[in-house]
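Novice: Model the full structure from these sequences, guided by the hints.
There are 2 protein chains.
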Amino acid sequence: MTNKFRITEEPINPNDCIEKVVRNEAGAVNTFIGTVREFTRGKRTLFLEYQSYIPMAEKKLRQIGDEIQERWGDTDTVIVHRIGRLELTDIAVVIAVSTPHRADAFEASRYAIERIKEIVPIWKKEHWEDGTKWIGDQKEKKSYEKKIPLEEEMCDG
Amino acid sequence: MTNKFRITEEPINPNDCIEKVVRNEAGAVNTFIGTVREFTRGKRTLFLEYQSYIPMAEKKLRQIGDEIQERWGDTDTVIVHRIGRLELTDIAVVIAVSTPHRADAFEASRYAIERIKEIVPIWKKEHWEDGTKWIGDQKEKKSYEKKIPLEEEMCDG
Numbered sequence: 022m023t024n025k026f027r028i029t030e031e032p033i034n035p036n037d038c039i040e041k042v043v044r045n046e047a048g049a050v051n052t053f054i055g056t057v058r059e060f061t062r063g064k065r066t067l068f069l070e071y072q073s074y075i076p077m078a079e080k081k082l083r084q085i086g087d088e089i090q091e092r093w094g095d096t097d098t099v100i101v102h103r104i105g106r107l108e109l110t111d112i113a114v115v116i117a118v119s120t121p122h123r124a125d126a127f128e129a130s131r132y133a134i135e136r137i138k139e140i141v142p143i144w145k146k147e148h149w150e151d152g153t154k155w156i157g158d159q160k161e162k163k164s165y166e167k168k169i170p171l172e173e174e175m176c177d178g
Numbered sequence: 022m023t024n025k026f027r028i029t030e031e032p033i034n035p036n037d038c039i040e041k042v043v044r045n046e047a048g049a050v051n052t053f054i055g056t057v058r059e060f061t062r063g064k065r066t067l068f069l070e071y072q073s074y075i076p077m078a079e080k081k082l083r084q085i086g087d088e089i090q091e092r093w094g095d096t097d098t099v100i101v102h103r104i105g106r107l108e109l110t111d112i113a114v115v116i117a118v119s120t121p122h123r124a125d126a127f128e129a130s131r132y133a134i135e136r137i138k139e140i141v142p143i144w145k146k147e148h149w150e151d152g153t154k155w156i157g158d159q160k161e162k163k164s165y166e167k168k169i170p171l172e173e174e175m176c177d178g
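Residue numbers (our numbering), protein chains in the order written: chain A, 22 to 178; chain B, 22 to 178.
Read the hints as simulated data drawn from the structure, not as lab findings. Some hints here could point you the wrong way.
[Stated by the list, open to error] Reference listing, derived: stretches of chain B covered by chain A, where coverage requires no fewer than 3 residues with Cβ under 8 Å from a Cβ of chain A:
# : region
1 : 26-40
2 : 52-58
3 : 68-77
4 : 120-129
[Said to hold, decoys possible] Chain B residues, not near chain A, derived (Cβ > 10 Å throughout):
#  : residue
5  : Gly63
6  : Lys80
7  : Gly105
8  : Arg106
9  : Glu150
10 : Thr153
All figures in this text were calculated on a predicted structure; none of them were measured in a lab. All C-beta atoms in this analysis are idealised placements derived from N, C-alpha and C, irrespective of residue type, glycine included.
Specialist: What follows is the structure, given as structure tokens:
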């Protein structure tokens, strides 16, 4: 199971994620892919940098898979998030969820991306045309400005 | 644009569909994949057969892409549906929609699969353990029993 919930510095191949969740019992796979977008509120992004506290991030991804299984039942989930420097259109995250019927696959996949942004310790540094900024949490509600938090400052709650 | 909305007898590669919609302006791609499930209401499927009136089906797929663009704006959509004999876990359909933000990608992808089942002339023959049946429309609300409709019987409305 371990490699179903992964942080990686390598490019992510969506087919690999999809193949891991396809199974006889499932009639539906929903895949969400987050890519690096050029413009955010009128500012041009040149590239992004992601950093993560990997063991905790992978643990949190696995937790999201467990939450999906509890809520929807009969699910299979893969979540892979890339870190390091990402260029425009590079894939930052792939979620793939298989379920017997399609409504559940859509809902569970949507749930996964919202939860990633809530609980997974991954920090994004925006490199804009006119400067850089660490985006504190992925919901972008706070900013750590020049630095990301130290490992000791994070709570595994 | 033509090959973004395709009926094919060959296996569908999700990565090919995804690559076609990834672009600088998009931060999100939602992909829906329909696969051949073993059990439906307790009946075991051995394999499926899909047939289609291809020119009309591709025209309708393209129409769905246009509807998505009208409703959500700034979208890019690929829809590929396979026909012929499909085994368990084979991919029958892949939808990929890219949008700047994720909520739209999820909604548009969901819209696409519902519309496919409403308006695209593709017929499914279930080969169960204990017999076969043509599923008339994809919403499975009527059955053509032993045959699919003649081309002349279909209206392009």
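Novice: Compare the structure with each hint and give your call.
Specialist: Results for each hint:
Interface restraint, the region 26-40 of chain B with chain A: holds (4 residues with C-beta to C-beta distance below 8 Å; minimum three). Coverage of the region 52-58 of chain B by chain A holds [criterion: at least 3 residues with CB-CB distance below 8 Å; count 7]. Restraint check on the region 68-77 of chain B versus chain A: 0 residues with Cβ-Cβ distances below 8 Å, three needed, restraint violated. Counting residues of the region 120-129 of chain B whose CB falls under 8 Å from any CB of chain A gives 4; the rule of at least 3 is met.
For glycine 63 (chain B), the shortest C-beta to C-beta distance to chain A comes to about 12 Å, beyond the 10 Å cut-off, and the non-interface label holds. Every CB of chain A is more than 10 Å from the CB of lysine 80 (chain B) (nearest about 24 Å), matching its label as outside the interface. Interface exclusion of glycine 105 (chain B) from chain A stands, the closest Cβ pair being 18 Å apart, more than 10 Å. No beta-carbon of chain A is positioned within 10 Å of the beta-carbon of arginine 106 (chain B); the least distance is around 17 Å.
Under the 10 Å C-beta cut-off, the non-interface status given to glutamate 150 (chain B) relative to chain A holds; the minimum distance is some 14 Å. With a least beta-carbon separation of about 19 Å from chain A, threonine 153 (chain B) lies farther than 10 Å from that chain, consistent with its non-interface assignment.
Hint compliance for this structure: hint 3 alone is broken.
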